[in-house]
Amino acid sequence: MPTVITVRNLVKTYLVGEVEVRALRGVNLEVQAGEFLTVTGPSGSGKSTFMHIIGCLDRPTSGQYLLDGQDVSRMSKDELANVRNHKIGFVFQGFNLLSRTSALDNVELPLLYRGGLTMAERHKLALAALESVGLKDRAGHHTNQLSGGQQQRVAIARAIINQPSILLADEPTGNLDTKTSIEVMGIFQRMNRERNITVVLITHEHDIAEYGTRTAAFRDGVITADHAVARRRLAEDELRDLPPEIDE
Amino acid sequence: MTLVMIFRIALKALSRNKMRTALTMLGMIIGVGAVITMVALGAGAQSSIDAQIQSAGTNMIMVSAGNFTQGGVRQGQGNASTLVPEDAAAIAQLNGVRYVAAASNARGQVVAGNQNWSTQIQGTDVDLPLIRSWQTSAGAFFTPQDVTTAAKVAVLGSTVRDQLFGPDVDPTGEIVRVSSGGAGATVQNQPFTVVGVMAAKGQSSVGQDQDDVIYVPYSTVMKKLRGTTSVQQISVSATSAGDTTTVAEAIGNLLRARHKIQPGDPDDFLIRTMDEIASVRKETTQTMTALLAGIAGVSLLVGGIGIMNIMLVSVTERTREIGLRLAVGARGRDVLFQFLVEAVVLSGIGGSVGIALGFGLSRGLTYWMEWPTEVPLNAVAVAFGFAAGTGVFFGFYPARKAAALDPIEALRFE
Ligand SMILES: Nc1ncnc2c1ncn2[C@@H]1O[C@H](COP(=O)(O)OP(=O)(O)OP(=O)(O)O)[C@@H](O)[C@H]1O
Ligand SMILES: [Mg+2]
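Line by line, the protein sequences give chains X and W.
For the first sequence, this note's numbering gives the first residue as 1, with consecutive numbering after it.
For the second sequence, this note's numbering gives the first residue as 1001, with consecutive numbering after it.
Next comes chain X alone, as it looks inside the complex (with noise of 0.2 Å):
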């Protein structure tokens, strides 16, 4: 399996006044094609900060990133535009939907900075991405009138538009219930199976860690633990087995 993601002691430090406040000391890691990542830690060790370097949308103190053998600090702003838009699909850890605008128009988006599209397939491509999100019958309504769980997978619907070769989640069942956020991880699995999407994901539940193929710990800055999911659990499984009463 060829890898995907290669980075070697990653380092961010922010300046706030005269503070420097180190978020990243020096993370290494490797991700291979079609694996499913996921990140755990507590909050504020530098998850978020890794996972904005990775998406191409933050630079590096020092450190060096390759994405698919290529060196990303070498690249130009408009490189590095043409990756996001192409390679990565980023789910943020607050929606960051475009408000007064339908769920369609925000999963068009990517399609829009493309080219090479009629008006006609962006809005089939748009549809067929809500459609796999099971949000079909909600393309027009505006995203603030929707719920979170629903905006949430407006958000997926958004990331995966463009066919990436990865995908990446910050915690994307932050704020939801459990039954949604099985349901959300099962878009996730169904992903990574069927499209052989690479997936990293951040969370900071343990139970949540466990749909991945293997986890990796954060702590001040590094990663304190990588290891194989030894009990992988499946949501499509868990779903069919939910109790019915829950199911309203």
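Hints should not be assumed to be uniformly reliable.
Once the Cα atoms are required to be at most 30 Å apart in a straight line, the calculated DSBU-like pairs of lysine-lysine come out as [stated by the list, open to error]:
1) Lys-1012/W <-> Lys-87/X
2) Lys-1401/W <-> Lys-87/X
3) Lys-136/X <-> Lys-1012/W
4) Lys-1401/W <-> Lys-77/X
Here are the simulated distance ranges between beta carbons [claimed, not checked]:
5) Ile-1305/W <-> Glu-121/X: 40 to 50 Å
6) Arg-190/X <-> Ile-1305/W: 45 to 55 Å
7) Glu-131/X <-> Gly-1389/W: 44 to 54 Å
8) Met-75/X <-> Phe-1007/W: 28 to 38 Å
9) Arg-1363/W <-> Lys-124/X: 45 to 55 Å
10) Phe-1007/W <-> Asn-144/X: 22 to 32 Å
11) Gly-44/X <-> Gly-1389/W: 39 to 49 Å
12) Leu-15/X <-> Gln-1286/W: 53 to 63 Å
13) Gly-44/X <-> Ile-1305/W: 37 to 47 Å
14) Ser-1352/W <-> His-141/X: 26 to 36 Å
15) Arg-100/X <-> Ile-1305/W: 24 to 34 Å
For the record, the hints were derived by calculation from the structure and aren't laboratory data.
Even for Gly, the Cβ is constructed at its ideal location relative to N, Cα and C.
Since the structure of chain X is provided, determine the placement of chain W with the ligands on it from the hints.
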């Protein structure tokens, strides 16, 4: 990204923030509309004064009694009793003088039947309608005979006729009763015979009704209403416009001789040619235009600050939007172009509506209020340029800053 698509994105963004869009446009509309209306009023007043001076004839010379600065004491012009009818007769004998009309005015109350109207009583001479090229719409102006005998005859301005007799009535031959509390004795209910009605002249450039007046022989005002032996003013018309300065000088010498003023002593009269009057009037309207332009400038500034405020208030939200667009793969220039198009569309529409409003208001003022207006194109350009400049600057400049950030910084912007 095609241009069409960027336009579509920009229009979508504008319609998503309807309130912001509307408020920004409102700032432009008010700013631009106010400037155009104000400046149009000023320019209209100016050109109507020009036209009026042109029509009054550039060969007019006005002689008033008294002098503004006589003996270091400011005196009301026309209030001194230094000009007499004989001065007018003497001026009429000078070379280059065509018409002469002495004037003695009063305010008074005119009564016809049970109608009652307070108006200006202008005592003048038979030459006045010739100097001003005024026509009568009924009857005729009074005669030299009437002036010699101080006859109680009156020619009505059309407003006075309308008030006392009603429009379209020919009051020639009717009797009106005139009361005046002028500077001299108070007179009550003097019967005057109406001999004519002047054709309507409309409003003067300063908005005064030029038809709210009655004309009577100056001798009648002097003897029957004011009880004085002097006149307030003498209007002179030179034979040709080129002669006014020499004629004015000749009049000055004549009056100094007649009034026995010693060399070195100041005049006890004031002579102004139409050129001078015109330049004074022009200065007045220029002041007014400047004032109006000032008000307009303030509205433009307020509009600009409004635009700026709205734009800056939404910077946070918009910076996050930019961050998000960058995060899903927009290049810096895609976002910049979108914001530029947005700002230009916003400013273009707002400014254009403002221009339309300015033109509409100006037309409306002319139509309903009968105020002359004239829209100067450079004012349109300046107002539009300023409003659009403000809109584009405050719409585009923060976007430029945001687009230079890393996506995550823009997404985190507070
Ligand atoms: N823009 C920034 N400026 C300064 N310090 C920052 C900035 N972003 C993050 N930090 C600091 O870096 C550290 C790591 O933050 P990060 O957001 O990566 O934590 P996290 O593991 O995602 O936490 P959580 O589970 O609460 O989301 C924290 O101490 C935080 O205060
Ligand atoms: Mg985080």
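Status of the hints after comparison with the structure:
Only pairs whose Cα atoms come within 30 Å are accepted, and Lys-1012/W paired with Lys-87/X is accepted, the gap being roughly 27 Å. Taking the CA atoms of Lys-1401/W and Lys-87/X, the gap is about 26 Å. The hint holds against a cut of 30 Å. With a C-alpha separation of about 22 Å, the suggested pair Lys-136/X and Lys-1012/W falls inside the 30 Å cut-off, and the hint holds. Taking the CA atoms of Lys-1401/W and Lys-77/X, the gap is near 15 Å; set against the 30 Å cutoff, the hint holds.
Separation of Ile-1305/W from Glu-121/X is about 45 Å and conforms to the stated range, judged on CB atoms against 40 to 50 Å. The beta-carbon spacing between Arg-190/X and Ile-1305/W, approximately 54 Å, falls within the hinted interval of 45 to 55 Å. Look at Glu-131/X against Gly-1389/W: about 47 Å separates their beta carbons, and that is inside 44 to 54 Å. About 30 Å separates the C-beta atoms of Met-75/X and Phe-1007/W, a value consistent with the hinted range of 28 to 38 Å.
Distance hint check for Arg-1363/W and Lys-124/X: the Cβ-Cβ separation is about 52 Å, which falls inside the suggested range of 45 to 55 Å. The hinted range of 22 to 32 Å is satisfied by Phe-1007/W and Asn-144/X, whose Cβ atoms lie roughly 26 Å apart. Separation of Gly-44/X from Gly-1389/W is about 46 Å and conforms to the stated range, judged on CB atoms against 39 to 49 Å. Evaluation of the 53 to 63 Å hint for Leu-15/X and Gln-1286/W yields a pass: the beta carbon distance comes to about 60 Å.
For the hinted restraint 37 to 47 Å between Gly-44/X and Ile-1305/W, the CB-CB distance of approximately 42 Å keeps it satisfied. Ser-1352/W and His-141/X have their C-beta atoms about 35 Å apart, which keeps the hinted 26 to 36 Å range intact. Between Arg-100/X and Ile-1305/W the beta carbons are some 26 Å apart, a value that agrees with the proposed interval 24 to 34 Å.
When each numbered hint is compared with the structure, no violation occurs for any of them.
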